[in-house]
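Engineer: Chains as they are written, first to last, in the working numbering: chain A, 817 to 1604; chain B, 77 to 232.
Hints in this document: simulated from the structure, not taken from any laboratory.
Remember, predicted model here, so these are calculated numbers, not experimental data.
Every residue, glycine too, gets a C-beta built ideally from N, C-alpha and C.
Don't take every hint at face value.
Unchecked claim - Here's a subset of chain A near chain B, in silico, CB distances under 8 Å, partners left out:
hint, residue
1, P831
2, R1096
3, S1097
4, H1323
5, G1324
6, H1497
7, L1525
8, I1526
9, A1529
10, R1532
Claimed, not checked - Calculated cross-link-like contacts (lysine to any residue; reagent style SDA-like; alpha-carbon spacing at most 25 Å):
hint, chain 1, residue 1, chain 2, residue 2
11, B, K222, A, D1534
12, A, K839, B, N84
13, A, K828, B, K164
14, B, K222, A, E1540
15, B, K222, A, P1489
16, A, K1476, B, G206
17, A, K828, B, A225
18, A, K839, B, Y88
19, A, K874, B, R95
20, B, K222, A, P1537
21, A, K998, A, G985
22, A, K863, A, I959
23, B, K222, A, L1536
24, A, K819, B, C167
25, B, K222, A, L1541
26, B, K164, A, D843
27, A, K828, B, E168
28, A, K1473, B, E205
29, A, K828, B, A154
30, B, K164, A, G822
31, A, K845, B, E151
32, A, K845, B, V83
33, A, K839, B, S118
34, A, K1476, B, A223
35, B, K164, A, S824
36, B, K164, A, E1540
37, A, K828, A, D1345
38, A, K845, B, T105
39, A, K839, B, C167
40, A, K1476, B, E199
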Amino acid sequence: MGKYIGESVLRKEDPRMVTGEAKYLDDIKIPGMLYAVVKRSDYAHAKIKNIDTSEATKMPGVLGVWTGKDFEDVNPMPCAWQAGGITNNANTPRVLEIDKVTFTGQGIAVVVAEDRNLAEDACSKINVEYEELPVVVSAEDAIKPGAPQLHENAPNNICMEWECGNEDGTDKALSNSDVVVKEQLVNQRLIPNSMEPRGAIAEYKSATEEFTVWLTSQAPHVHRLLATAFVFGIPETKMRVIAPHVGGGFGCKIFLYPEYCLVIALAKKIGRPIKWMETRSENFQATTHGRDHSTQIQVGASNDGTITSLKVNTVANLGGTLSTIAPGIPTTLYGRLLSGTYKFPNIYCGVKGVYTNTGMVDAYRGAGRPEATYVVERALDLVANKLGLDVVDVRKKNFIQKDQFPYTPADGITKGLEYDSGDYEKPLNKALEMFNYTQFREEQKKSRSEGKYLGVGFSTYIEACGVAPSAWVGVGGEGWGAGLWESANIRVHLTGKVVVTTGSSPHGQGTETTMAQIAADELGLPFDDVDVQYNDTLGTPFGYGTYGSRSAAVGGTAVFNAVQKVKQKALRIGAHMLEASADDVVYEDGKVSVKGSPDQAKTIQEIAGAAALGYSLPEGDEPFLDETAYFDPPNTTWPFGTHICVVEIEEETGSVKVKKYLAVDDVGNVVNPMVVDGQIHGGIAQGVAQALWESGEYNESGELMSGSLIDYAIPRTDCLPNLELDRTVTPSPTNPLGVKGVGETGTIASTPAVVNAVIDALAPFGVTNLNMPLTSQKIWNVIQKKGA
Amino acid sequence: MKISMKVNGVDYENDIEPRTLLVQYLRETLDLTGTNIGCDTSQCGACTIHVNGEAVKSCTMLAVQADGATITTIEGLANDGELHPVQKAFCENHGLQCGYCTPGMIMASVDMLKNNPNPTEEEIRHGLEGNFCRCTGYHNIVKSVKAAAVSMKGGA
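When you get a sec, could you build the whole thing from the sequences and use the hints?
Structural biologist: Below, the structure written as structure tokens:
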């Protein structure tokens, strides 16, 4: 441990955010800027017969109104992650749809005006003639014979059929098991709702044919690559993409959206800068959603609770068209996680990715791994309940043991990846020390006799993050259309001040602070002397951005490795300055000194100064301390832990109160405990919200019923309890920092803990499963029915 | 329509469209972009400011309704470069992540502490239920407000 790594250093980011000085996309004004407003489809499935823009065009302040036909030369958005090794019947959106819409809220026309209000006024005057088509919103309905067909190239609305594991072996093991539990588990659709909606500004310079584009982006380099190389067919060097302060993402700001490319196209067409900023209502309809799985599970076990087999068949709703990495989420990031923390000997997972007349579904915090964890952690409880065994005992019985690492799950489900390190009983035992389980069971029994329904739920999860080894995840492997390494450049200026640039693209994770901690410690410099720059393709090395809990494990390691290169050069220059041999010097505490003579030393500032001036350098060395590293991880990292949730259900109303929530996570070494805990808090809030409140609901005609913050229940301050956190530390051997990842663990772990708690509370009513969200209405109905 | 108001101690007079929301006026006319917009149904609280000393969601008011008012936005909260104790407490207790809800959250917290200088955890949670945060799970926001309450009693 250094001076800063492992410490709760306060965030560099915060002063500008608490004062209102931080500039988010909508805060940016460019001289001459115009405003675009998108006209969206009112129907979920319809042919566009005619769009009459004549009235809108005549409205005051309007520069023009365009429809999809005006952008026929612009390629559709790319689908950059198609499920690996199989055919994907891909259909992606265009900047504006031309002939047909497949979900409510798809863009079909755009107004550009001098200000936002005028653009909105004109947009309301566009008249569209539709021919309505039959609608299907559920993925299970969409694959039934006779269902409305969305795309010609996708018979039965199937985008792809993917599998992993061994079906025959699993079937055999199921039939030889003492008990088999079958259940349908629904992982409902969620709507990410980053507090800042999406937006874009584009400016075009005709003399040089160059674009500058500001995007609400988690991955500006990827956005530029996809927009230039795939959509517009222009050199990547002709576009600069800047992500200003980004107000949260949770996955939904990874993707290349139609509106982003629309404003880019318009900026060139009109020759003035253009801003588009979505409203929250548009965000609900047109920004990607998450989850939406319907899953049949069969889990086989021996009478002693040993799991023998897990068979999972999932129908994954992908929406009306594919978002950028949609097919990768319910396949690689889901099926490959289905062994959890357990030594299941037989596993099979089959997935159908399906088109429906609903909004696009893609990565949302956790992305596939929450769905997998939900299946596994519910399966454990279902088996325990069926056999009358304790849920903790069944978990312990099936845990992979600490001497089994690195562990390869059965039936090749991880396709060559192995669990890096773990000790699953450790966080469970620590959590049980914080929570008196035996006493709780007594209290539970007693309170039931008093008409109060308490329940406890466990989730002893695993996840895979720090994505990902490029060759494993890439085109020849899991189908991701590029690499997934990360980059960092370190320059130590003449003044001894350090500039780190990174291809990571943080937007709330505190990475500006944690990367500075890593660089300051490794160089032996004060934290305040390190400036971390990011979120702009100009001035940062190409990088893949921030998602998949990768910015510490992959981006942070790139910083670490770049510092090592700087130190190597500093050793050579320091030795030269000390007139010593490079073999005779060491780098310690920000100084290069002669071995055994600590007084004979040059500070890194002195060395940086000498390197920057270049008056006298070792033979063959260039001036300046400036090094770049690209880190391609050899494996993902595998965080784990135990979450325990206690709920109380009010019999009269069915309402669920989360009385206690505790989490013991193991995310490897911790760079900044304050930041790590903050990530876990936020993750838990989103996971609890899925269990109890949130659901993206469409009616039969494909209208989004939960289309505003009035109807879609994201948690408020008073919904959540104080969260009790602790950790165990099992370093990851996959990177020199020993870190795992933490951005998504809370969301991945928490949902099944809450649902298991509610089911436990409802045991007296004979309830063994309920599908989320567990609203008071749903529970009240169950109590009425079962209690009577 | 002509309106005048005092914002963060400065007098402004502008001619605006009657339909302009107060938040639009602040952001677009006065370029005070610290106040953010997070929704279009007055749910999220990101645009909370002080109008005549009371916390108000500035998307719920027309600018003309604030004619003659005294307004404080997040940009006007620090005093001569010295952060307000609530701003400081949010920095010291990791009360923010992406920062988008933060200006509204801080303005709401300042108002709450004015009315209840010694709130319990439950009172803080109820007091801030009109302000959404998607990053923090509210845990460290509650902690920040508690810490601010303690430090403000120290005479700040």
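Engineer: All hints are to be evaluated individually against the structure, with a verdict given for each.
Structural biologist: Now for the hints, and whether the structure bears them out:
{"no.": "1", "hint": "P831", "in the structure": "holds, 7 Å"}
{"no.": "2", "hint": "R1096", "in the structure": "holds, 4 Å"}
{"no.": "3", "hint": "S1097", "in the structure": "holds, 6 Å"}
{"no.": "4", "hint": "H1323", "in the structure": "holds, 6 Å"}
{"no.": "5", "hint": "G1324", "in the structure": "holds, 3 Å"}
{"no.": "6", "hint": "H1497", "in the structure": "holds, 4 Å"}
{"no.": "7", "hint": "L1525", "in the structure": "holds, 4 Å"}
{"no.": "8", "hint": "I1526", "in the structure": "holds, 5 Å"}
{"no.": "9", "hint": "A1529", "in the structure": "violated, 11 Å"}
{"no.": "10", "hint": "R1532", "in the structure": "holds, 5 Å"}
{"no.": "11", "hint": "B:K222 <-> A:D1534", "in the structure": "holds, 15 Å"}
{"no.": "12", "hint": "A:K839 <-> B:N84", "in the structure": "holds, 19 Å"}
{"no.": "13", "hint": "A:K828 <-> B:K164", "in the structure": "holds, 13 Å"}
{"no.": "14", "hint": "B:K222 <-> A:E1540", "in the structure": "holds, 17 Å"}
{"no.": "15", "hint": "B:K222 <-> A:P1489", "in the structure": "holds, 20 Å"}
{"no.": "16", "hint": "A:K1476 <-> B:G206", "in the structure": "holds, 23 Å"}
{"no.": "17", "hint": "A:K828 <-> B:A225", "in the structure": "holds, 24 Å"}
{"no.": "18", "hint": "A:K839 <-> B:Y88", "in the structure": "holds, 23 Å"}
{"no.": "19", "hint": "A:K874 <-> B:R95", "in the structure": "holds, 21 Å"}
{"no.": "20", "hint": "B:K222 <-> A:P1537", "in the structure": "holds, 15 Å"}
{"no.": "21", "hint": "A:K998 <-> A:G985", "in the structure": "holds, 18 Å"}
{"no.": "22", "hint": "A:K863 <-> A:I959", "in the structure": "holds, 21 Å"}
{"no.": "23", "hint": "B:K222 <-> A:L1536", "in the structure": "holds, 16 Å"}
{"no.": "24", "hint": "A:K819 <-> B:C167", "in the structure": "holds, 21 Å"}
{"no.": "25", "hint": "B:K222 <-> A:L1541", "in the structure": "holds, 19 Å"}
{"no.": "26", "hint": "B:K164 <-> A:D843", "in the structure": "holds, 24 Å"}
{"no.": "27", "hint": "A:K828 <-> B:E168", "in the structure": "holds, 11 Å"}
{"no.": "28", "hint": "A:K1473 <-> B:E205", "in the structure": "holds, 16 Å"}
{"no.": "29", "hint": "A:K828 <-> B:A154", "in the structure": "holds, 18 Å"}
{"no.": "30", "hint": "B:K164 <-> A:G822", "in the structure": "holds, 23 Å"}
{"no.": "31", "hint": "A:K845 <-> B:E151", "in the structure": "holds, 18 Å"}
{"no.": "32", "hint": "A:K845 <-> B:V83", "in the structure": "holds, 21 Å"}
{"no.": "33", "hint": "A:K839 <-> B:S118", "in the structure": "holds, 22 Å"}
{"no.": "34", "hint": "A:K1476 <-> B:A223", "in the structure": "holds, 22 Å"}
{"no.": "35", "hint": "B:K164 <-> A:S824", "in the structure": "holds, 16 Å"}
{"no.": "36", "hint": "B:K164 <-> A:E1540", "in the structure": "holds, 24 Å"}
{"no.": "37", "hint": "A:K828 <-> A:D1345", "in the structure": "holds, 12 Å"}
{"no.": "38", "hint": "A:K845 <-> B:T105", "in the structure": "holds, 12 Å"}
{"no.": "39", "hint": "A:K839 <-> B:C167", "in the structure": "holds, 18 Å"}
{"no.": "40", "hint": "A:K1476 <-> B:E199", "in the structure": "holds, 18 Å"}
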